[in-house]
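Novice: One-letter residues, chain by chain:
There are 2 protein chains.
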Amino acid sequence: MDVLSVKLMALLGPKGWIGPEDCQPWQRDWLDQYGEVPLGVARPKSTSEVADVLRLCHAEGVPVVPQGGNTGLVGAGVLGEPGGVILSLSRMNAISSLDLSSGSISVEAGVILGQLHQSLEGTGLMFPMHLGSEGSAQVGGLIATNAGGSHAFRYGMMQDLVLGLEVVLADGTVWNGMRAVQKDNAGYQLRKLFCGSEGTLGIVTRAILKLSPEPKQQFTALLAVKDTSGLLKLASKLRAEGGEFLSAMEFFSDVGLGIALENIPGLVFPLQSRASFYLLVEAGSGSMQVPLDSILNEVMEWGMGEGIVVDGALAQSEAQRAVCWRLREEQPEGQLRLGAQLKHDISVSPGSIGEFLNVANEQCFELLDGVRINAFGHLGDGNVHYNLSPPIGQKDFSGREKEFAVNIARLANDMNGSFAAEHGLGRSKVALADTLRHPIERQLMARFKSALDKKNLFNPGVIVTRGGSL
Amino acid sequence: MDVLSVKLMALLGPKGWIGPEDCQPWQRDWLDQYGEVPLGVARPKSTSEVADVLRLCHAEGVPVVPQGGNTGLVGAGVLGEPGGVILSLSRMNAISSLDLSSGSISVEAGVILGQLHQSLEGTGLMFPMHLGSEGSAQVGGLIATNAGGSHAFRYGMMQDLVLGLEVVLADGTVWNGMRAVQKDNAGYQLRKLFCGSEGTLGIVTRAILKLSPEPKQQFTALLAVKDTSGLLKLASKLRAEGGEFLSAMEFFSDVGLGIALENIPGLVFPLQSRASFYLLVEAGSGSMQVPLDSILNEVMEWGMGEGIVVDGALAQSEAQRAVCWRLREEQPEGQLRLGAQLKHDISVSPGSIGEFLNVANEQCFELLDGVRINAFGHLGDGNVHYNLSPPIGQKDFSGREKEFAVNIARLANDMNGSFAAEHGLGRSKVALADTLRHPIERQLMARFKSALDKKNLFNPGVIVTRGGSL
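Top line first, the protein sequences correspond to chains G and V.
Numbering-wise, the numbering used here puts 91 at position 91 of the first sequence, and it's gapless, one number per residue.
Numbering-wise, the numbering used here puts 194 at position 194 of the second sequence, and it's gapless, one number per residue.
Bound conformation, chain G alone (with noise of 0.2 Å):
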């Protein structure tokens, strides 16, 4: 054994560190496409302890990346060469000081997002972000992921629902920045800027996150919706009527419906007709005197009198509910299970994603004749998951991959959107910032990298690629 693994074994003990023989559980990302044997995998239960592996990692030049539920989808929380550590931070699991005046709370980075949900039910307050994998996507990698999701349009991304933040930096010290206020302009917003680092600024360690009152009532439909332009009017109908209530606005398609229903055992589709699209609106308000169904049913009946929405379903139960929102849900893994997949994650403005589809659809039927196009998200901030299987009968994409990527990514680029809109860059698309971004944004990048890590050591490959040298 290495010098440093002895040393950190030492320092962390038998739970704390784990030999490169037994982690495979760590190894690589979700989508089994990065990740190379570690030296190990450190396990540390506190701030300080993480301050010691890093200072050790430090004194010894080898890389560290840090890694909460894995559920990454760019490779940014797997190595991408062998031989550095992965520090998980998975026991740092604590949640305290909820501050129900303030709505505020206190949690370790390894609380896993599902877990701060059921923590906070019957307080009246919620953490609402919202995404599938929150059964397993812990605080720490939401924060250096910026994570989005399907509530972002209305309570934000995770750079606005953090306001203070504890960070290790490379040579182990520690920031405190656990403040616990919206409005803090005491010189540059440094816990903005650790969200969406993605590991390689430094490691989150705790955060202090804010809180939103809990609904007193919702409201869920699923709507059948005749095509992409009714998809649009609907969602433009639906922020004039009940902006203020919207919390959700996920569309997904016929193509991924169907793909779902196929390779997902136990999926039920609760409507009568299908559609090219279907929308599934959340709306929730604080107040019971709000006509919240009225004002959402009134929409309903305006999209079916304009022949835009041709059946749809409310929820009546939380089970109905549950039932509406796996369809959606399951659409990445459905497409999984078909086989090989290409996935982006693009936003443009919310009013332009008809015109990106439109675009996109005819540029990937010229690349592959046949090709599924599988397109879900959020209609509310314009981000689409863009992704595609192979035609039907043809197992593999006949070699264009980086053509369907780059086509794809520059034209979100060119409509002033983001070909990376809330899954990061990682390391799977380094080299489309490279090529899209103009070299002064990279360069920017660049500097505070260099800034922050001159050793280049978190999470080297992801987001810049020079390591920081310009």
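Each hint should be verified, as a subset may be incorrect.
Unchecked claim - Partial chain G-side listing against chain V, Cβ under 7 Å, derived:
| # | residue |
| --- | --- |
| 1 | A170 |
| 2 | G172 |
| 3 | T173 |
| 4 | V181 |
| 5 | G187 |
| 6 | S197 |
| 7 | G243 |
| 8 | S287 |
| 9 | I295 |
| 10 | F448 |
| 11 | I463 |
| 12 | T465 |
Said to hold, decoys possible - Simulated pairs of lysine-lysine, DSBU-like, Cα-Cα distance not exceeding 30 Å:
| # | chain 1 | residue 1 | chain 2 | residue 2 |
| --- | --- | --- | --- | --- |
| 13 | G | K45 | G | K7 |
| 14 | G | K15 | G | K455 |
| 15 | V | K455 | G | K455 |
| 16 | G | K216 | V | K233 |
| 17 | G | K226 | G | K343 |
| 18 | G | K216 | G | K237 |
| 19 | V | K343 | V | K226 |
| 20 | G | K402 | G | K343 |
| 21 | G | K216 | G | K233 |
| 22 | V | K45 | V | K7 |
| 23 | V | K454 | G | K454 |
| 24 | V | K395 | V | K7 |
| 25 | V | K237 | G | K216 |
| 26 | V | K402 | V | K343 |
| 27 | V | K226 | V | K237 |
| 28 | V | K45 | V | K455 |
| 29 | V | K216 | G | K216 |
| 30 | V | K216 | G | K233 |
| 31 | V | K455 | G | K454 |
| 32 | V | K343 | V | K395 |
| 33 | G | K237 | V | K216 |
| 34 | V | K454 | G | K455 |
| 35 | G | K455 | G | K7 |
No lab work stands behind these hints, which were simulated from the structure alone.
All figures in this text were calculated on a predicted structure; none of them were measured in a lab.
The beta-carbon is built from N, C-alpha and C at its ideal position, and this holds for glycine as well.
Once you've looked at the hints, dock chain V against the given chain G.
Specialist: Here is chain V on its own, set in the frame of chain G:
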């Protein structure tokens, strides 16, 4: 005339370059506390002229201080030492690309906030930032300050409202980050970092701002409230019953009301009774089906039943609404006209405002018996403008200015809050930051400064003192 002035005049023309003899309107800050004689005032009319100015100044090693509406309160928009160039953005005031379907707008940095509000009238959309100086404050300055204001707890601070940015860097290169999406995780959140950087990292020249649907109905009430504890109970009840509708919960004290009524002609107090505190409540909804008046009147009645609300008036017209808002917004001007004053801009978690006021008041009276405490601000986000006037019959603070500042700042800091909530650090609070914030935080900021402005030419002395050297 020196060589740089000659070059700048040749570049910018007579309208674009104002020599030191004519630059009084730009030289001093609003509180007349800072501002040395500049080499001149550059007034470029395009991004490329800004870039040219910076290239010339960079080559000559001459400091540049960007200035918007010059309404800042911490001396960040004027020179700390003679001989630099003031870069006024006021000629760059174009508003373009209103995107109705996506809710965004593109503006140049010199657009005045009030003009932006006006330009959106009748569109169904609004830019939801409001503060006392909106008739002069410019978008670029609001971004540089990361302004907050009265509606921030519902709609966010400037960093939450900026989708895209264009920034000119120290050497005159231009970062074009003019994207129009909320979700853009293609690397570090540069757009967030420039918000609140007070002109020390780059010059913001254009922005894409996020708009919100304009409420279709509004509720405004002015309430006289018994005491601090009543104020907090009322705020908590308002959040619980009308959370998603509340857009402002502004409080001020009877001390501040008295000072304003005495010093500002034309103010009207619309209530019958005086009390220790006043709360200005504003709420809005995008749906006419919401019984807004009923929801909020129930809370008022609850407050009266509990003996918390002593008196109250609902604004029945836009004119009555303006009467209420003027009482709150003339607080700073009223106190300025009274004579010497000490301004403190702190935040604590909203539930801790009562504790903060109790302890701070006690400390202040101990330091100077009879000192007049004018605390007002934003109940929703815990931001208190804790301003002092000398005791009646006294013109100054008996030399205890610094003790007041340090005590109040330390108290907010120790309560996990901020001593620089929404006005920034500027020149006036850098020493406080060096005293109260951990050296690690200060060093992080110095590293970012150094990474973007090696020569320390952007607003030297603001945010970090040491020019980025560590």
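Novice: Indicate, hint by hint, whether the structure satisfies it.
Specialist: Structure-based check of all given hints:
Hint on A170(G) is violated. Least Cβ distance to chain V is approximately 11 Å, over the 7 Å limit. With 7 Å as the threshold, the beta carbon of G172(G) stays out of range of chain V, its nearest partner Cβ sitting at about 11 Å, so the hint is violated. Look at T173(G): its Cβ gets to within about 5 Å of chain V, closer than 7 Å, so that hint holds up. Given the 7 Å rule on beta carbons, the hint for V181(G) holds: about 4 Å separates it from the nearest Cβ of chain V.
Hint on G187(G) holds. Least Cβ distance to chain V is approximately 5 Å, under the 7 Å limit. With a cut of 7 Å, the hint placing S197(G) at the interface with chain V holds, because the nearest CB-to-CB distance is about 6 Å. Because the smallest distance between the Cβ of G243(G) and any Cβ of chain V comes to about 4 Å, under 7 Å, the interface hint for this residue holds. About 5 Å separates the beta-carbon of S287(G) from the nearest beta-carbon of chain V, less than 7 Å, and the hint is met.
Annotation: I295(G) was flagged as interfacial toward chain V, and the flag holds, the nearest CB pair being 5 Å apart, inside 7 Å. Given the 7 Å rule on beta carbons, the hint for F448(G) holds: about 6 Å separates it from the nearest Cβ of chain V. Interface hint at I463(G): satisfied, since its Cβ lies 5 Å from the closest Cβ of chain V, which is below the 7 Å cut-off. Annotation: interface hint on T465(G) violated; nearest CB of chain V at approximately 11 Å, more than 7 Å.
Straight-line distance between C-alpha atoms of K45(G) and K7(G) comes to about 16 Å, which keeps the hinted pair within the 30 Å bound. This hinted pair checks out: K15(G) and K455(G) have alpha carbons roughly 29 Å apart, not beyond 30 Å. Between K455(V) and K455(G) the CA atoms are separated by roughly 24 Å; this keeps the pair inside 30 Å, and the hint holds. Distance check on the hinted pair: K216(G) and K233(V) sit about 20 Å apart at the alpha-carbon level, within 30 Å; holds.
Only pairs whose Cα atoms come within 30 Å are accepted, and K226(G) paired with K343(G) is accepted, the gap being roughly 25 Å. A C-alpha spacing of about 24 Å is found between K216(G) and K237(G), which places the hinted pair at or below 30 Å, so the restraint holds. Among the hinted pairs, K343(V) with K226(V) is consistent with the structure: their alpha-carbon atoms are about 25 Å apart, no more than 30 Å. Simply put, K402(G) and K343(G) have alpha-carbon atoms about 11 Å apart, close enough for the 30 Å limit, and the pair holds.
Our distance criterion of 30 Å between C-alpha atoms is met by K216(G) and K233(G), whose separation comes to about 28 Å. About 16 Å separates the Cα atoms of K45(V) and K7(V), which keeps this hinted pair within 30 Å; it holds. The straight-line distance between the Cα atoms of K454(V) and K454(G) is roughly 16 Å, inside the 30 Å bound, and the hint therefore holds. Distance check on the hinted pair: K395(V) and K7(V) sit about 47 Å apart at the alpha-carbon level, beyond 30 Å; violated.
About 14 Å separates the Cα atoms of K237(V) and K216(G), which keeps this hinted pair within 30 Å; it holds. Note on K402(V) and K343(V): the hinted pairing holds, with a Cα-Cα distance of about 11 Å set against a maximum of 30 Å. Distance hint between K226(V) and K237(V) is fulfilled; the C-alpha atoms sit about 15 Å from each other, no more than 30 Å. Pair hint K45(V) plus K455(V) holds up; C-alpha atoms about 25 Å apart against a cutoff of 30 Å.
This hinted pair checks out: K216(V) and K216(G) have alpha carbons roughly 23 Å apart, not beyond 30 Å. Distance check on the hinted pair: K216(V) and K233(G) sit about 20 Å apart at the alpha-carbon level, within 30 Å; holds. Restraint check: the Cα-Cα separation between K455(V) and K454(G) comes to about 20 Å, which is no more than 30 Å; the hinted pair holds. Only pairs whose Cα atoms come within 30 Å are accepted, and K343(V) paired with K395(V) is accepted, the gap being roughly 16 Å.
For the hint linking K237(G) to K216(V), the alpha-carbon distance of about 14 Å falls within 30 Å, and the restraint holds. Of the pairs offered as hints, the one joining K454(V) and K455(G) holds, with about 20 Å between alpha carbons and a cut-off of 30 Å not exceeded. For the proposed pair K455(G) and K7(G), the alpha carbon gap of about 21 Å is at most 30 Å, so the pair holds.
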